[in-house]
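Going down the list, the protein sequences come from chains A and B.
Residues in the first sequence are numbered from 1 upward in steps of one, following this note's numbering.
Residues in the second sequence are numbered from 1 upward in steps of one, following this note's numbering.
Since the hints were made in silico from the structure, they are not lab data.
Just so you know, even glycine gets a beta-carbon here, dropped at the ideal spot from N, CA and C.
Keep in mind that a hint or two might mislead.
Said to hold, decoys possible - Pairwise CB distance ranges (calculated): (1) 106/A / 26/B: 23 to 33 Å; (2) 203/B / 304/A: 29 to 39 Å; (3) 288/B / 127/A: 13 to 23 Å; (4) 147/B / 102/A: 35 to 45 Å; (5) 203/B / 270/A: 23 to 33 Å; (6) 316/A / 296/B: 30 to 40 Å.
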Amino acid sequence: MSVELGNTVSLNRTKIHKNSLKSRILKHKYLYILILPGIIWALVFCYAPIYGLYMAFINYIPESNFFQSFIRSEFVGLDWFKFFFQTGDFLRILRNTLATSVLTLVISFPAPIILALVLNECRALIFKRMVQTVSYLPHFISWVITANIFLTMMSSGGVINQLLMSMGLTKEPIMFFQDGKLFWLLLAIANTWKGMGYSSIIYLAAITSINDELYAAASIDGANRWQRMIYITLPSIMPTAAVMLVLSVGGLLNAGFEQQLLMGNPTILEYSDVIDTYSYRYGFGSGMYSYGAAVGLFKSLVNFILLMVTNFIVTKIRGRTLL
Amino acid sequence: MSGFTDSIAGKKRKSSIQIGSLIYDGVICFILLLVLIACFYPFWYILILSLNDATDSLKGGLFLFPRVFTIDSYISVVNNGEFLHAAWISLARTVIGTLYSLFFTTLLAYGMSKKDLVGAKAISVFFIITMYFGGGLIPYYMVLKAIGLIDTFWVYIIPGAISVYNMILIRIYIESLPAEMEESAKLDGANEITILFRIIIPLCMPVLATVCLFFAVGQWNSWFDTNLYTYSKKLKTLQFLLVQILNNYDLGSMQSQAELLAKATERKTTSSDSVRMATTMVATLPIILVYPFLQKYFVKGIMIGAVKS
Numbered sequence: 001m002s003v004e005l006g007n008t009v010s011l012n013r014t015k016i017h018k019n020s021l022k023s024r025i026l027k028h029k030y031l032y033i034l035i036l037p038g039i040i041w042a043l044v045f046c047y048a049p050i051y052g053l054y055m056a057f058i059n060y061i062p063e064s065n066f067f068q069s070f071i072r073s074e075f076v077g078l079d080w081f082k083f084f085f086q087t088g089d090f091l092r093i094l095r096n097t098l099a100t101s102v103l104t105l106v107i108s109f110p111a112p113i114i115l116a117l118v119l120n121e122c123r124a125l126i127f128k129r130m131v132q133t134v135s136y137l138p139h140f141i142s143w144v145i146t147a148n149i150f151l152t153m154m155s156s157g158g159v160i161n162q163l164l165m166s167m168g169l170t171k172e173p174i175m176f177f178q179d180g181k182l183f184w185l186l187l188a189i190a191n192t193w194k195g196m197g198y199s200s201i202i203y204l205a206a207i208t209s210i211n212d213e214l215y216a217a218a219s220i221d222g223a224n225r226w227q228r229m230i231y232i233t234l235p236s237i238m239p240t241a242a243v244m245l246v247l248s249v250g251g252l253l254n255a256g257f258e259q260q261l262l263m264g265n266p267t268i269l270e271y272s273d274v275i276d277t278y279s280y281r282y283g284f285g286s287g288m289y290s291y292g293a294a295v296g297l298f299k300s301l302v303n304f305i306l307l308m309v310t311n312f313i314v315t316k317i318r319g320r321t322l323l
Numbered sequence: 001m002s003g004f005t006d007s008i009a010g011k012k013r014k015s016s017i018q019i020g021s022l023i024y025d026g027v028i029c030f031i032l033l034l035v036l037i038a039c040f041y042p043f044w045y046i047l048i049l050s051l052n053d054a055t056d057s058l059k060g061g062l063f064l065f066p067r068v069f070t071i072d073s074y075i076s077v078v079n080n081g082e083f084l085h086a087a088w089i090s091l092a093r094t095v096i097g098t099l100y101s102l103f104f105t106t107l108l109a110y111g112m113s114k115k116d117l118v119g120a121k122a123i124s125v126f127f128i129i130t131m132y133f134g135g136g137l138i139p140y141y142m143v144l145k146a147i148g149l150i151d152t153f154w155v156y157i158i159p160g161a162i163s164v165y166n167m168i169l170i171r172i173y174i175e176s177l178p179a180e181m182e183e184s185a186k187l188d189g190a191n192e193i194t195i196l197f198r199i200i201i202p203l204c205m206p207v208l209a210t211v212c213l214f215f216a217v218g219q220w221n222s223w224f225d226t227n228l229y230t231y232s233k234k235l236k237t238l239q240f241l242l243v244q245i246l247n248n249y250d251l252g253s254m255q256s257q258a259e260l261l262a263k264a265t266e267r268k269t270t271s272s273d274s275v276r277m278a279t280t281m282v283a284t285l286p287i288i289l290v291y292p293f294l295q296k297y298f299v300k301g302i303m304i305g306a307v308k309s
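Let the sequences and hints guide you as you build the complete structure.
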């Protein structure tokens, strides 16, 4: 920038260059004032908790003063992490986390793609717009309400069981909330229900950028609508789909939190407990603050590594970085 | 002769294409209808349960319309002082929190939109790190406690000042604005703060509407902060009230129909179940009402986000 400046005002070139840093900072002093609240916010609410992760390496015992108890607590190194891996909990939590997020991925990854393709094929425009509007709605509904809806519809006397029974698919009502493995499936369905319409927006955006000439050429070659969808539309949104897939693989450890807290119950804790709920339960429920923080830190680190790998792959796909 | 058969074959092919296309349209519409039902019916189901007599609901068979229509559950919800107070808190945090977050996030977005700012790159990284790495719930709680936000109304507001994702949305929009207007204002001697409020913000209305929606929905739907960061009854929000009702709900799945029926007839009045439905409906309603008007904005918003991130 200083070079550009120097070129345009070549007479004062050396003078400007000498003062450039100071004058450039002063020139934008108001911008720094605008940024300042944001910086303070990030320091207090993002970086201070990161510093607080030191908790994971001490045996934190809360006293009246936060900082005092920080200093007085005994340093235990990696003991909490060792404890986490040595208890049988680790494998169980990992199983639940991966089962939930992989099942979710399997259902919720293709669903918005199919929805976008079908929406794109729909020629009744008013109907299409109606479906779009309604399909985004679950995204804006809180998990509290979603949990309420699912618990009601899937209870023993709920509409789903009544439907299944009247169709003769089952004699006894299915206890969706009593069977851990069914609960994984239930979470996957709930996640998909909530996110499908909203995620389809990205694919619809990708579809609108497809060149019309491709379709025209295909029609001349005698391709019908199905063939045009399969051989033109679908391949055209594949790069977007690849990015979305890689991103969701990067978030595999984010298997949900509110969902389990709201829809789970003690009988299936063995299956519903994922890494976030586990950390929360120990941290706040049992008062093992340091242990909870250690589990949280472990997750953050793995997540961060996954993200870096993900970013690397996406960069390869798209030719530019994600971050 | 051959020309004649050709034209017949051509006609046949044409009509078969038309039939094929019709079937195709039918299948497409059928799939979309299923999606429509899957996304809409759950809300409808809750609505009819909330409008049906509670004891009657337990007999089952309610699918499309209420059988014994009553608004008792709504009356008992509205007459509940605790509910009204919670609704008031929810509304207050939504309005105050949204304006507050919108203000600070916009300030930051404008400040970050100038590439020739000294340290712009470093500041940008400083904020992006917060999106991908955090301290987690427990250290965060300790920080809130240390600065005295625990169990105050401001715990709903102050920590939400900035959303880095929304900041990026606004910044991208500002960067796409023509630079000339700003330049001319600068020549007239206006500083950046004046420019932001007089020129940039009026031009940014579409993206600000999107972000406003995101903030408002987030505030309205939030329950976990109430659960963890507040103890006082007077700070409980509508969503949290619903969580409590949900926790008291015995999971219909765990009890037999007969047990439930016996319980409900004993109580005679509106059962907790229909109150739960009515509360759910009331908590959902603001979003259903507001959102069709804002739909075009958020679609645009997510497109901006998708293109850039």
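Consistency of the hints with the structure:
Under the hint 23 to 33 Å, the C-beta atoms of residue 106/A and residue 26/B, about 28 Å apart, fit the expected range. For the pair residue 203/B and residue 304/A, the beta carbons lie near 37 Å from each other, so the given range of 29 to 39 Å is met. Under the hint 13 to 23 Å, the C-beta atoms of residue 288/B and residue 127/A, about 20 Å apart, fit the expected range. The hint said 35 to 45 Å for the Cβ distance between residue 147/B and residue 102/A, and at roughly 39 Å that hint holds.
Separated by about 55 Å at the C-beta atoms, residue 203/B and residue 270/A break the suggested range of 23 to 33 Å. Remark: the range hint 30 to 40 Å for residue 316/A to residue 296/B is upheld by a beta-carbon distance near 35 Å.
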